[in-house]
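Enquirer: Chains as they are written, first to last, in the numbering used here: chain A, 1 to 339; chain B, 1 to 339.
Which copy? The list can't say, so a pair holds if one copy fits it or any two copies do.
Quick list of in silico lysine-lysine cross-link-like pairs, DSS-like style, CA-CA up to 30 Å:
(1) LYS302 / LYS228
(2) LYS24 / LYS248
(3) LYS250 / LYS208
(4) LYS208 / LYS174
(5) LYS248 / LYS208
(6) LYS228 / LYS182
(7) LYS208 / LYS323
(8) LYS228 / LYS308
(9) LYS250 / LYS323
(10) LYS208 / LYS228
(11) LYS248 / LYS323
(12) LYS298 / LYS128
It should be emphasised that the hints constitute simulated quantities derived from the structure, not laboratory data.
Each chain, letter by letter, is given below.
Number of protein chains: 2
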Amino acid sequence: MSKTITLNQPLDMHIHFRDDDMLKLVAPLTAKTFAGALIMPNLVPPITTKEALMSYKKRIKEAQGFEDFEAFVTIFFQADYSYEFLADIKDEIIGIKLYPAGVTTNSETGVSSMDIKALSPTLESMSKLGIPLCVHGETNGFVMDREKEFMPIYESIASAFPDLTIIMEHITTKAAVDLLDKYPNLYASITLQHLIITLDDVAGGMLKPHLFCKPIAKRPEDRDALLKIAVEGHPKVMFGSDSAPHPKHKKEACGCAAGVFTAPIALQMLVQIFEENNALDNLDKFLSLNAQRIYKFKAIDKTITLVKKDYVVPSLYEAFSQKVVPMFADETIHWSLEQ
Amino acid sequence: MSKTITLNQPLDMHIHFRDDDMLKLVAPLTAKTFAGALIMPNLVPPITTKEALMSYKKRIKEAQGFEDFEAFVTIFFQADYSYEFLADIKDEIIGIKLYPAGVTTNSETGVSSMDIKALSPTLESMSKLGIPLCVHGETNGFVMDREKEFMPIYESIASAFPDLTIIMEHITTKAAVDLLDKYPNLYASITLQHLIITLDDVAGGMLKPHLFCKPIAKRPEDRDALLKIAVEGHPKVMFGSDSAPHPKHKKEACGCAAGVFTAPIALQMLVQIFEENNALDNLDKFLSLNAQRIYKFKAIDKTITLVKKDYVVPSLYEAFSQKVVPMFADETIHWSLEQ
Numbered sequence: 001m002s003k004t005i006t007l008n009q010p011l012d013m014h015i016h017f018r019d020d021d022m023l024k025l026v027a028p029l030t031a032k033t034f035a036g037a038l039i040m041p042n043l044v045p046p047i048t049t050k051e052a053l054m055s056y057k058k059r060i061k062e063a064q065g066f067e068d069f070e071a072f073v074t075i076f077f078q079a080d081y082s083y084e085f086l087a088d089i090k091d092e093i094i095g096i097k098l099y100p101a102g103v104t105t106n107s108e109t110g111v112s113s114m115d116i117k118a119l120s121p122t123l124e125s126m127s128k129l130g131i132p133l134c135v136h137g138e139t140n141g142f143v144m145d146r147e148k149e150f151m152p153i154y155e156s157i158a159s160a161f162p163d164l165t166i167i168m169e170h171i172t173t174k175a176a177v178d179l180l181d182k183y184p185n186l187y188a189s190i191t192l193q194h195l196i197i198t199l200d201d202v203a204g205g206m207l208k209p210h211l212f213c214k215p216i217a218k219r220p221e222d223r224d225a226l227l228k229i230a231v232e233g234h235p236k237v238m239f240g241s242d243s244a245p246h247p248k249h250k251k252e253a254c255g256c257a258a259g260v261f262t263a264p265i266a267l268q269m270l271v272q273i274f275e276e277n278n279a280l281d282n283l284d285k286f287l288s289l290n291a292q293r294i295y296k297f298k299a300i301d302k303t304i305t306l307v308k309k310d311y312v313v314p315s316l317y318e319a320f321s322q323k324v325v326p327m328f329a330d331e332t333i334h335w336s337l338e339q
Numbered sequence: 001m002s003k004t005i006t007l008n009q010p011l012d013m014h015i016h017f018r019d020d021d022m023l024k025l026v027a028p029l030t031a032k033t034f035a036g037a038l039i040m041p042n043l044v045p046p047i048t049t050k051e052a053l054m055s056y057k058k059r060i061k062e063a064q065g066f067e068d069f070e071a072f073v074t075i076f077f078q079a080d081y082s083y084e085f086l087a088d089i090k091d092e093i094i095g096i097k098l099y100p101a102g103v104t105t106n107s108e109t110g111v112s113s114m115d116i117k118a119l120s121p122t123l124e125s126m127s128k129l130g131i132p133l134c135v136h137g138e139t140n141g142f143v144m145d146r147e148k149e150f151m152p153i154y155e156s157i158a159s160a161f162p163d164l165t166i167i168m169e170h171i172t173t174k175a176a177v178d179l180l181d182k183y184p185n186l187y188a189s190i191t192l193q194h195l196i197i198t199l200d201d202v203a204g205g206m207l208k209p210h211l212f213c214k215p216i217a218k219r220p221e222d223r224d225a226l227l228k229i230a231v232e233g234h235p236k237v238m239f240g241s242d243s244a245p246h247p248k249h250k251k252e253a254c255g256c257a258a259g260v261f262t263a264p265i266a267l268q269m270l271v272q273i274f275e276e277n278n279a280l281d282n283l284d285k286f287l288s289l290n291a292q293r294i295y296k297f298k299a300i301d302k303t304i305t306l307v308k309k310d311y312v313v314p315s316l317y318e319a320f321s322q323k324v325v326p327m328f329a330d331e332t333i334h335w336s337l338e339q
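Isolated chain A, as found in the complex (with noise of 0.2 Å):
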């Protein structure tokens, strides 16, 4: 008799579905075994009008294949939006996401200030609208140290804007699990990657550029605080993939793009590394209810039953014509989606 575990409305509450072939390829992979996800707006141009927003969201009800699915979007930040305009947007979406300029792919109109007073309009009118907050937290500074000299960016944006709901995406490091609890208003999001590898795993053998994504993975230290927090199912913090697809040729080209691709291992690997740490009760809460309780929604229905059986991850998911590498790529997972 084989071992199952069934997960309640799995949510990632980071994504990256890009736009046209590549949103067609991915969107499915991610619909199909999650109960919604958060899509990021980082396209080229962002998402910055109504207009836009709609149609997105539109190309990715086409895009998604599957109809128990559920995609949350969101606007990127500008510093001078108008509260009517805020108002009038607040029910289409989820969050807001703030990323400072030239950071990470497509962040090229990204926030170049990080002056709170310079962002304070728009701070303003979200805190009042109840809309949360979603940052990508580095500064330009070295390259292990950006997320950290963070820090007192969301200590300010924290401290002076009390009731926004304010996520700090992707964390990696120790510094971040450290600031979680000190702020009431404060969440994070983990990526699968940052819960397993570390520098070592990018850099410290063979170059892995399929490993390589931003914020880069840190030290041992920082995964273990990281792994710790998601497992002991810690009420702040919520499963957000950050999958970031990019095309083959692209990602093992010289001078490769940053991003891991995870959509479609996402749920086997975390039953995996959750019941590896003995920890597979509180799985619900980093997959689905932190995050509800977190952006104030109910998930759809929906329930994803995995098995205990080996599974080989594919070289490449192709369509489209894209293909795109996943991580653990020829790997083998000890769970399975029930077929």
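Got chain A; can you put chain B on it based on the hints?
Expert: Using the frame of chain A, we list chain B on its own:
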């Protein structure tokens, strides 16, 4: 009128020439502009016998293409070399290279124990015979800590064998710089790239395989410490490029090997760096005099004149079906070799 500088007897005290077609491509690129170089023995299999050494020396001689160049060769450290073997080979080698197993290219057969006692028979003989020890000083720990973690091992060897000349090869950390003056018998080589780049250049923006090397480039404060002792002409440091050619297709493939190819542009860039730091007067110490004193030899008379004139680095060095991409490919250096 152009500004020129004439370098006396420039030496590269740590370089990889490889073998076969790659040797034929790279050896002349060093032999053209250097008076001598210390060629590392990391072949497959590594050089551990007099026969293999003499044969490699002959192959280098045939490949170097310029008469006014002296190749100093080394053998690969083994803990059980007999005194008689070392006494016999002494006049043929300039040093013995020790690298822990698995830490660098073709190091699979390296010593797996850093237990000084186990290494003592060979170290004892080397000390008596006056053969310098060249060490790739990294543990198998977390990638950013490996060199620092190796410092106690350097300290043990330096204390236990006060008459042994020990070269900390291609140092990359402030920790190694700080250790340098603590033991009279401890010296260091520094590469070109570690005077210039940090981990930011390798993985802070896009991933850059051509800047990926071992030891990996470290933090800004480490780079600054290395640059400081190089440009001040510190008597215990010398230039060792660790120029390490890998075929282009392997370097740009997924899971690329470590090594930066700097041989043909090293002199031009060193002049540029020393000029930028108002330290041209110290360049002959870093590039020649210190090495001759540390290794106790007199380099052949050879001068190389460079002229302050922009020079675009080739995209590729290609010959004998080998293609290698140099550091600074397609970029402009402000000093050129005099034609």
